[in-house]
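A.B. asks: Residue-level listing of the chains:
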Amino acid sequence: MEPGREMSRMRGGGDAQADSPHASHTSDPSRTRPQETPPHGRSQADSNANAGHQPGNVQTHGKGTSSHSAEQTADGKKPGEKKQPRVRRAAMSHPAHYLLKLGAPAARIDSDDALLDVRASVLTPELKVSALSPARQAGRGVSIRDEALIQGRYDFAASLVRTEDGVRYHLFTQTTMRNTGHKPKETKTSPENARAAHRAFFAIEDRRPDSGHNFARVQRTYTGDALPVRIWFDKRPLPGVSVTLETESGWRRTIITDERGDATLPLIKEKFHTSGVDKKPLRYFIMTEIRQPTADASGDIREEVYRTSLVEQVYPSPLDWESKSAGLYLVSLTIAAVGVAAALRRRRRKRLCA
Amino acid sequence: MRVDRIRLAVQIFFFGFLLFGGWLGLTIGNGIPTMSCIYVEGRSGSCFLYPFQRFLSMPWTTLFSSAGVSFLIYLGTFFLWGLVFGKIFCGWICPLGFLQDLLSRLRQWTGIKATRFGFAARDRLQWVKYALLILLILLPMGIGNAVAGLPKLSSDWAVPFCQICPGKPILPLFEGDVSHWIVDFSSATKLFFTVLSMILAGLFLVGGFLRRRFLCYYCPMAALLSVFDRIGLINLVKKGDACTRCGNCARACPMEIREIADLRDRRHIVTQDCMLCLRCIEVCPENKALSATILGRPVFSSSAAGFLKRHTKGSSHDKGSAQEEK
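Taken in order, these protein sequences are the chains called A and B. In terms of my numbering, the first sequence opens at residue 1 and continues consecutively. In terms of my numbering, the second sequence opens at residue 1001 and continues consecutively.
Hints listed in this document are in silico derivations from the structure and should not be mistaken for laboratory results. There are no misleading hints in this set.
Think about it this way: if two alpha-carbon atoms lie no more than 30 angstroms apart in a straight line, the pair counts; the simulated DSSO-like pairs of lysine-lysine are:
#1 A:Lys280 x B:Lys1190
#2 A:Lys279 x B:Lys1190
#3 B:Lys1190 x A:Lys269
#4 A:Lys271 x B:Lys1190
Label pairs and their in silico Cβ distance ranges:
#5 A:Gly339 x B:Ile1012: 22 to 32 angstroms
#6 A:Glu186 x B:Arg1124: 50 to 60 angstroms
#7 B:Thr1244 x A:Lys183: 55 to 65 angstroms
#8 B:Gly1296 x A:Ala354: 50 to 60 angstroms
#9 A:Pro191 x B:Arg1124: 58 to 68 angstroms
#10 B:Glu1259 x A:Gly339: 28 to 38 angstroms
Glycine residues also receive a C-beta, built at the ideal position from the N, C-alpha and C atoms.
Make a model of the complete structure from these sequences and hints.
C.D. replies: See the structure below:
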């Protein structure tokens, strides 16, 4: 997880295609995942720390933050406030930082303020759930952030409910990251159960195999890989729903989930390096949606829309600029050349001796 | 028990530990120099040279301020390592050294004679590692800083030594990783480094087969460790009076160090290429002419009785070595 990078975002409702070209980022190990409204395990203490935070304020595992107010001094401290002790961070670990972006027109998330209502939470490697507070970032929008000091996997989730024109939108997104850090305390809960409990009401689960315990290793997804996903709705796999993969350039592919709610999405090659090699990653968007007519007694809401998305950061395959065969030819040629030269030298020496 | 067999057992242990220790949860971490190749997934630590180059590539303002303490701790742990083990690393621990010893054994098994450098060539080649060490220090410095007013180097120049070290393609092979056997065409710098890396990997394989410890003449790690030759806790001492200059030691030495036979007036004889394999003590027929010492106390000395015992027992390795020595 790289500090300062846009890692993911809340996918606002509406037409996903319309907002995809300027959508958010996920870093190498990231996988966005949705979260139920309201997030599971959200504690009262966590809920106290909510919207309206100063840019850069950090919600550290639900311990609360200083809120933005006119009383703050230039360095962001209230008068008389004690200086926070410096957090001791393990080598090579980074804070998690996810930028929430505006949604598409249909859900009319037309200002950053709406994103301050996003309910976000994180499942830490110690399998504790903490609420995260969206905070405004100067000139960059609204983000959620966690110090991520413990080594292991972090599952982030965020959700938002918006009602407009008689349609209630339930918007979910979710992401994971791997981080180095301090050793986590042992817990009796199994990680699978904790993740299932933390999973969003409507979620896209990234089903790629676990990358093991080397958390310092950079995990990347490359073009040409396949992305297996499972769609969950109300804690159950959802068969027969269409999942759409969309690239930055607008290429789309829709796949229907099988009876287990699974779908495998091809991460096609998107970059062709027309002017020099470009190793920058691309964003691929996976999204799915369910529309249900509602039985609202008042008649104000006629339809419920559940929408969830996953943003995948995909790197161009190194095979675009690397050649294994050239490497093997080169090694073989070197061995052959030196071997022949050594043999000829010995033969000449033998002749001279003779 | 013969020293070369003990050494082989130690080498096998460290090869397994440094390359696969991480899979078994045996890890020393990345904070201390464990000489374990950074490109091996299941390694149990990290090679000293990789973070060393990373530190040097930082802007000086960072290196001498926020990263200064970490850098000093890193150098300090390496200094302690060098002080305690010194060249023992090269002869007994280094995974690439072990692979070269295996290639030499394979050659002996096939009956092919070893190649030797001429004295003049060897004397010239032994300075290559110092030149590489200087480049290893200067090139990373040019990434984060404008050295001597020159423009900064691109990040493609990062960790230049690790990019060309034969360990990068060869050691991950033992975990089935062939991802470093490549030529990278993404930039001229990458192309240069990957082509050089492939050539050096080929040279390592063929050179290690034809010649004992072929790579060690050019290894900057050996150059760094040679700083501790005089002050290391483990030492090799010679009793000039007992030496008859029979030359057994120089002929048996995998690094072909002739000074060990020639010098009779020097007590400390760990030279810049010595890897403390103790083979010279094994083949020395004179009582206490050569001794390995720890903190000045002899722990293994040459003796006529020991020499005869080892010589009469014999082995295929002895025959191979004897062939080479001729």
